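Residue 209 in the UniProt record's numbering is what sits at position 209 of the sequence shown, and the numbering runs on without skipping anything.
It is worth saying that the hints were derived from the structure and are not from the lab.
Just so we're clear, the structure is a prediction, and the values are computed from it rather than from any experiment.
Don't take each hint at face value.
What the hints assert, rightly or not - Below, a list of computed lysine-lysine pairs in the DSSO-like style, where the Cα atoms sit at most 30 Å apart:
(1) K353 to K343
(2) K322 to K344
(3) K343 to K313
(4) K322 to K343
(5) K132 to K313
As the list claims (entries may be wrong) - Computed spacing ranges between beta-carbons, pair by pair:
(6) F290 to T45: 30 to 36 Å
(7) L336 to P278: 35 to 41 Å
(8) R29 to S251: 46 to 52 Å
(9) P198 to N286: 15 to 21 Å
(10) Q260 to T359: 49 to 55 Å
(11) D110 to A349: 37 to 43 Å
C-beta atoms are modelled at their ideal positions from N, C-alpha and C, and glycine is treated no differently.
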Amino acid sequence: MTAAPLVSVLLPVYNAGPYLTAAIGSILRQDYDRLEVIAIDDGSTDNSLDILERHCRADNRVSIISRENRGLVATLNEGLAVARGELVARMDADDIAYPWRLSRQVALFDQRPELGFCGAGIDTLLHGRIAKGRLDPVFQFSLPILSMFFTIFMHPTVVYNRKVIDEGSLHYDPEYRHAEDFDLFGRLARRFPAAMMPENLLVYRIHPGSVTSRHTRDMRRTHLRIVAENLESEGLADRIEDLQAIGDAVSFDTVARAAQFIVALEERVSALPDDIRPSFAAGALNLFYFLYQLVGDEREPALTHELLTRTAKWNVIRRREKYALRPGPWAPRLSLASIAAGKKADRVAQYFKTRPARTVLAPYQRGLA
1 MTAAPLVSVL
11 LPVYNAGPYL
21 TAAIGSILRQ
31 DYDRLEVIAI
41 DDGSTDNSLD
51 ILERHCRADN
61 RVSIISRENR
71 GLVATLNEGL
81 AVARGELVAR
91 MDADDIAYPW
101 RLSRQVALFD
111 QRPELGFCGA
121 GIDTLLHGRI
131 AKGRLDPVFQ
141 FSLPILSMFF
151 TIFMHPTVVY
161 NRKVIDEGSL
171 HYDPEYRHAE
181 DFDLFGRLAR
191 RFPAAMMPEN
201 LLVYRIHPGS
211 VTSRHTRDMR
221 RTHLRIVAEN
231 LESEGLADRI
241 EDLQAIGDAV
251 SFDTVARAAQ
261 FIVALEERVS
271 ALPDDIRPSF
281 AAGALNLFYF
291 LYQLVGDERE
301 PALTHELLTR
311 TAKWNVIRRR
321 EKYALRPGPW
331 APRLSLASIA
341 AGKKADRVAQ
351 YFKTRPARTV
361 LAPYQRGLA
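Can you make the complete structure from the sequences, with help from the hints?
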């Protein structure tokens, strides 16, 4: 009988004290126990190392590397270098894995040994309440093509299969800091089979101290650089600087240039063969939504109005947003007030769709504050 594969859980840690007990505890309570936890303390200045050492003393599956701060990319690559498992699972120090996460993912690789890596759905945790995530319909399209446009998997849900992915391919590139997962998933998806699991296996915590929250601007800038490089390599874009410019500064000029980039991209996509055109079209639409959010976060409705008008994309946003943004160029305060009211209504509606985290996770977690 073949032994169950060893799963190496790669857990980078940097000042995660308030959340770390719940994160590491959720891994140690998995219903799949042939695992090792490689916790790398990246120069934390809080009590993270103390928490890790306590878990290491209590469970010999936990090993710790602690040294000065080198950043997330270096930490991830260091973890990959020492991992012993056939499968390597990512985990973040502020998230919570459901007890069946690893067993479900191991079962997938058992059923499909040709897979290079997989991701899964997530629920989100915000202000002590859990919202159930839904699988995006975009995943009906080609993952290798979609991976050119966005990060196809949530990073802490990913498991890599080292029996399929060669050592030279499985590394994070420091050139793409804050979007290193986007770069890696794209490189892997174009060489190795990948799968998105339709079930939610992780609770993703949203809080101001997360890497995503702290480095949003840098993340977006690098994201656009990767998209531009991917599309240029596919012969679908020439003036990639027009897309990259809006990542540096949002203005009427950069919005106009980015809009023209989208229009030109859609024209080229429309001429692609039937078998790949829908996937590229879905990716291009996702790129538009990325720009729509980026520009909207500037809180200058006239800029968003400009983007929607130049791309002719008024029909792909919600009716409420149309009404709020139409007067943007001549009545920006009215637009902002309407947008704020809409967001408040969304928060209220979302609240009634969520469940208290302590009720949902209490049977097997602690430290949910």
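Outcome of the hint check:
no.	hint	result
1	K353 to K343	holds (15 Å)
2	K322 to K344	holds (16 Å)
3	K343 to K313	holds (21 Å)
4	K322 to K343	holds (14 Å)
5	K132 to K313	holds (29 Å)
6	F290 to T45: 30 to 36 Å	holds (34 Å)
7	L336 to P278: 35 to 41 Å	holds (36 Å)
8	R29 to S251: 46 to 52 Å	holds (50 Å)
9	P198 to N286: 15 to 21 Å	holds (19 Å)
10	Q260 to T359: 49 to 55 Å	holds (50 Å)
11	D110 to A349: 37 to 43 Å	holds (40 Å)
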